[in-house]
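Protein sequences, first through last, are from chains A, B and C. According to this note's numbering, the residues represented by the first sequence are 2 to 331, in order. According to this note's numbering, the residues represented by the second sequence are 234 to 625, in order. According to this note's numbering, the residues represented by the third sequence are 91 to 453, in order.
Wrong hints could be hidden among the right ones.
To be verified - Simulated restraints, written as ranges between beta carbons of each label pair: (1) A/10 to C/166: 54 to 62 Å; (2) A/219 to C/111: 44 to 52 Å; (3) B/557 to C/300: 32 to 40 Å; (4) C/136 to A/245: 50 to 58 Å; (5) C/409 to A/245: 58 to 66 Å; (6) C/440 to A/245: 56 to 64 Å.
Hints listed in this document are in silico derivations from the structure and should not be mistaken for laboratory results. All values derive from a computational prediction rather than experimental measurement. In this text, a Cβ means the ideal position worked out from N, Cα and C, and glycines have one as well.
Spelled out from the first residue to the last, the chains are:
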Amino acid sequence: MAVYLFKRLIRVVVLLLLISLVVFMLFSVLPTDPARLTCGKACTPAIIEANRHRLGLDMPYIQQYWLFVRGLFVGRTYFAESPSPIECGAPCLGYSFKRGEEVSTLIKENFPPTFWLAIGAFILWMVIGVFTGIYAALRRSKWQDKAVSGIALVGYALPTFFVGLVFLFFIVLKWGLLPYPSYVSPFVNLTQFLQTMILPWITLAIVSAAFYVRLTRTQMLETLGSDFIRTARAKGVKERVVLMRHALRAGLTPIVTAAGLDLAGLLGGAIITEAVFTLPGLGSLAISSVNDADLPVVVGITLVAAFFIVMANLIVDLLYPVIDPRVRLT
Amino acid sequence: MTQLNEASPVQDDAVLRVTDLRTWFPVKSRGLLRRKIGDVKAVDGISLSVAPGETLGLVGESGCGKSTAGRTMLKLIDPTSGSVELNGRDITHLSRKEMVPLRREAQMIFQDPYNSLNPRHTVGTIIGTPFRVQGVDPAGGVKAAVQQLMERVGLNPEHYNRYPNEFSGGQRQRIGVARAIALQPKLIVCDEPVSALDVSIQAQVVNLLADLQDEFGMSYILVAHDLSVVRHISDRVAVMYLGHIMELAPRSDLYERPLHPYTHALLSSVPVPEPGAAAKRERILLQGDLPSPINPPSGCVFNTRCWKVQEQCRVDVPLLREYQPGHFLACHFPEEKLHIGETIVGPQAPLVDNDYSLQSPEERAEEAARARRGEAWERDEPGDFGLGSKIQ
Amino acid sequence: MTLIDGALQGTSSDSFLEVRDLLVHFPTEDGLVHAVDRVSFSLEPGKTIAIVGESGSGKSVTAQALMGLITRRTATVEGQVFFEGHDIVSMDDEELRRLRGKKMAMIFQDPLSSLHPFYSIARQLVEAVRVHQKVSKSEARDQAIAMLHKVGIPSPERRIDDYPHQLSGGMRQRVMIAMALINSPDLLIADEPTTALDVTVQAQILELLTSLQEEFQTAIILITHDLGVVAEVADDVLVMYGGRAVEYGPVDEVFHSPEMPYTLGLLASVPRIDRELGERLDPIPGNPPSLITLPKGCVFFPRCTYSHEVDGQTCATVRPELESTSAGHLVRCHLPADVRRANAVAKLALIAASHTKSGDAPS
Ligand SMILES: Nc1ncnc2c1ncn2[C@@H]1O[C@H](COP(=O)(O)OP(=O)(O)OP(=O)(O)O)[C@@H](O)[C@H]1O
Ligand SMILES: Nc1ncnc2c1ncn2[C@@H]1O[C@H](COP(=O)(O)OP(=O)(O)O)[C@@H](O)[C@H]1O
Ligand code: SF4
Ligand code: SF4
Ligand SMILES: [Mg+2]
Ligand SMILES: [Mg+2]
């Protein structure tokens with residue numbers, strides 16, 4: 002088991018490094034010149050070159066990448082020659098010259114909105130999705146099933162930005178049912194937090210729940226037809242227990258897999274939803290840093306997002322044996 | 234090889250000669266680690282031969298290696314060691330490609346009439362495949378030949394353009410039979426040809442197989458677990474247990490004067506449709522499980538369940554020797570007497586953990602998906618059927 | 091077994107189990123499936139009745155209807171099933187649920203797929219106990235261990251925490267039997283309990299079932315397609331064909347003087363280990379009927395080799411009823427009883443003749 006975990010973790014690290022390398026390389030082929038962006042209107046080639054050198058952008062890409070990787074493991078010092086060098090301790094994700102902040106600080110500051118958005122939406126859509134899916138399976142081919150499946154299909158097809166904008170337009174702007182979203186920490190002002198988050202949550206939930214409705218319905222229909230369900234009924238088990246403890250449990254694996262990956266994906270930033278509702282999360286940070294060609298921030302966010310997904314994969318894999326004793330380690 | 238002295242179960246003038254054949258499959262543990270934990274010794278040193286026009290029955294409990302033996306003899310699975318000779322030619326090391334022309338001489342009929350036919354091909358195409366693959370041009374054309382075959386196996390030749398799903402189980406098995414006899418092979422391996430069929434249909438297919446043999450004189454290897462069916466069609470019968478042949482004898486010798494304790498037990502467990510008959514028969518109840526083919530018992534593989542076991546059985550491997558003319562046996566303490574009316578209970582064999590899997594759940598899911606896409610039906614091509622890809 | 095006479099009017103019954111005109115139809119996209127078509131039989135406490143027939147003849151549906159497992163939402167269920175005086179067909183879901191697993195239990199053909207793959211044996215057995223008895227978990231566990239011991243699982247304290255996939259096929263079926271009998275039901279329905287097992291294991295399981303039956307006085311409905319199994323364990327036998335009961339009576343009687351041409355054909359067509367049947371088997375020609383488009387008259391008519399002995403088009407157009415031929419022996423066939431018996435004698439003599447001719451049968 003320990004060996005297995007160790008091997009998997011090594012693979013995680015290698016994978017993350019590869020991802021960062023790819024992002025680096027993408028930037029190297031971009032036409033924008035980050036050094037050019039560092040100076041304003043009154044720019045001379047000399048200033049640009051000076052900045053380029055100061056920021057280390059005149060080094061070959063491979064060397065820049067090496068410095069970055071080194072920083073990840075042992076930390077890194079920026080502006081070593083200047084009077085006020087900046088110490089960036091390991092794991093150093095880099096330093097944004099544009100914003101004059103360490104990337105990890107930026108990410109830490111922008112993470113809470115993303116976190117709350119992801120967790121809230123996730124709980125909402127899982128509850129809605131799974132229970133509606135079960136309901137549809139029980140009413141199989143009845144009108145209720147068809148209605149649910151139809152609605153799910155529409156929800157599945159709707160683009161997030163559309164749902165978000167419709168909510169924003171009607172509920173906030175037109176009818177004024179909620180104040181304009183403005184993020185605060187739940188520990189500072191819970192009411193305002195909830196007022197801000199409720200629409201983004203519902204937006205994400207509508208779009209994702211649809212998928213879980215369909216997945217749960219298929220899984221339930223499959224397991225409800227199996228022999229062990231017949232056995233449970235033959236034992237005299239109550240129908241509710243047959244559903245929740247026998248059927249749902251048996252169909253859980255794909256649902257858990259999808260849920261884990263979806264949650265992880267959201268934790269890396271819900272770009273569209275955050276943009277629509279102007280939440281200061283990782284997604285918003287990602288967009289603005291791409292606009293600014295702020296390479297260190299982009300690489301940092303990409304790494305964090307990839308980290309969540311890779312870890313979710315690992316956790317889901319470790320969960321399989323918990324769910325299904327047939328794949329338990331022996 | 235030691236067991237082959239002058240009274241060998243491998244005859245010279247045989248269609249098929251199998252010598253000390255072994256087929257082992259590597260096994261991985263369950264779960265995430267999937268280490269290799271050993272080999273399934275599915276077939277572990279069997280020797281036998283099949284004479285022209287003869288039917289050899291291969292019986293035994295599930296998992297004892299009957300199907301694997303049958304498939305290895307036709308090189309659908311590569312043997313681990315030993316040799317196979319078809320019509321005097323050693324085919325042990327031939328490649329798939331080199332085997333193609335030899336498929337004219339040896340064919341196979343599968344158990345499952347539902348999965349062994351490609352659902353997207355018409356019956357005419359399926360039965361005509363051997364002609365095309367082997368480049369044979371029958372007089373009058375393929376279509377006429379196929380229709381003749383259909384007529385011969387009791388299908389309506391007008392159904393030439395129908396698809397397998399339009400036929401019943403018995404009829405599908407007839408399609409499989411027609412395909413197998415198309416090129417008049419010398420040998421057909423029938424793997425459980427009737428066990429998926431209803432009782433009233435089984436007899437129809439059994440009769441068809443017998444009639445075809447009378448007409449074309451081919452040899453059969455009949456792999457089956459139904460001892461009554463095997464008795465009805467076989468000339469000689471080999472009893473397998475855990476990859477080994479325990480007893481090999483002419484049919485009437487084996488069924489009426491069994492010598493191996495396992496054969497006694499096996500025969501006595503077959504229920505007969507005769508109320509009150511139990512009192513007039515032997516009654517030997519084996520206990521516990523078949524040992525795992527990964528860790529077979531030392532000495533005689535049957536020793537954990539044998540009701541005659543002695544110390545020697547746990548140490549010395551009994552070799553398959555000729556005990557009476559034509560009657561081969563692998564046992565240190567043969568049992569000549571029938572125990573009519575007695576009840577004998579075997580020793581309590583240890584329980585066997587079923588804790589290994591041949592495939593991981595993902596592999597199984599993958600295989601199921603492939604089957605759904607229709608790729609599992611490639612066995613339809615006689616040049617390359619089966620492939621041992623479908624694990625039972 | 092005097093059921094048919096009083097069958098039509100009665101609304102209750104003193105018998106242990108009495109099935110009257112049970113009918114199950116499934117509406118499907120292809121048409122109405124006549125899975126069970128007015129089947130009647132009865133069973134005494136502690137006795138065994140076997141239901142035989144080929145696949146698709148309606149055996150399993152009959153069994154599930156008896157257990158109340160066929161949802162009325164997807165099927166039509168008519169007729170009456172009196173179990174200890176109460177009609178199962180007219181019970182509501184909750185009444186049925188309390189009966190299932192307590193008074194009547196069921197085991198199935200494939201023990202692996204019939205056990206929940208994710209729960210340990212212990213958990214599944216404990217659940218079976220606690221659904222019907224108000225006992226603590228550890229008490230239920232003790233009962234489970236005792237029951238596993240009874241069904242012949244060695245060191246059950248150790249095995250009980252195993253998962254189904256860790257056991258062999260025979261052991262799994264033992265677990266199913268333990269689970270079914272743990273609340274000492276009066277009726278056990280076993281749907282092809284040994285079909286998926288090897289003969290040696292089948293012998294063990296049949297032995298176990300009969301010895302437990304003696305101990306608990308459980309009545310058993312044994313569904314099988316193996317005539318050998320019927321002869322070995324059953325008291326009575328019900329032969330089903332195309333959703334109908336075509337012959338019904340004590341096993342001795344039905345096996346020694348089968349009167350319905352289908353039963354006769356079945357007995358004559360199976361190769362037997364205790365007899366030489368001659369060169370060729372004697373198959374029943376043709377295929378079983380589709381339960382959607384059943385023949386109008388006798389369901390067996392398209393395959394029957396005796397129908398020409400009945401006047402005109404009767405077999406093709408008139409549905410024969412299940413009628414008494416001798417005490418407790420019922421047959422569904424238009425042929426006159428003496429002709430049926432003569433046919434049976436002739437065919438069975440043929441088998442016996444080839445048996446003596448070859449002269450080398452062991453028994
Ligand atoms: N491709 C394979 N990989 C690994 N193991 C295999 C494979 N094919 C068969 N086995 C194993 O080899 C053994 C013999 O299998 P085989 O199919 O020959 O048995 P059999 O006697 O035909 O049984 P049955 O009566 O169930 O058909 C079994 O333990 C089986 O699990
Ligand atoms: N839920 C169902 N819906 C439609 N048809 C069914 C259903 N269950 C069984 N049947 C049909 O009823 C017939 C009898 O089935 P069954 O009782 O399972 O046969 P067997 O005698 O092999 O046990 C079959 O044709 C089967 O397809
Ligand atoms: S060798 Fe021994 S253990 Fe094996 S079958 Fe013979 S008597 Fe039994
Ligand atoms: S009623 Fe007619 S067709 Fe049916 S079994 Fe009797 S003789 Fe045959
Ligand atoms: Mg096999
Ligand atoms: Mg059935």
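Structure-based check of all given hints:
Between residue 10 of chain A and residue 166 of chain C the CB atoms are about 60 Å apart, so this pair conforms to the stated range of 54 to 62 Å. One distance hint, 44 to 52 Å for the beta-carbon pair residue 219 of chain A and residue 111 of chain C, is violated here, with the actual separation near 39 Å. Under the hint 32 to 40 Å, the C-beta atoms of residue 557 of chain B and residue 300 of chain C, about 37 Å apart, fit the expected range. Take residue 136 of chain C and residue 245 of chain A: their Cβ atoms lie about 38 Å apart, and the range 50 to 58 Å is violated.
For residue 409 of chain C and residue 245 of chain A, the hinted distance range of 58 to 66 Å is not satisfied, since their beta carbons lie about 46 Å from each other. The given range of 56 to 64 Å is respected by residue 440 of chain C and residue 245 of chain A, whose C-beta atoms sit roughly 60 Å from each other.
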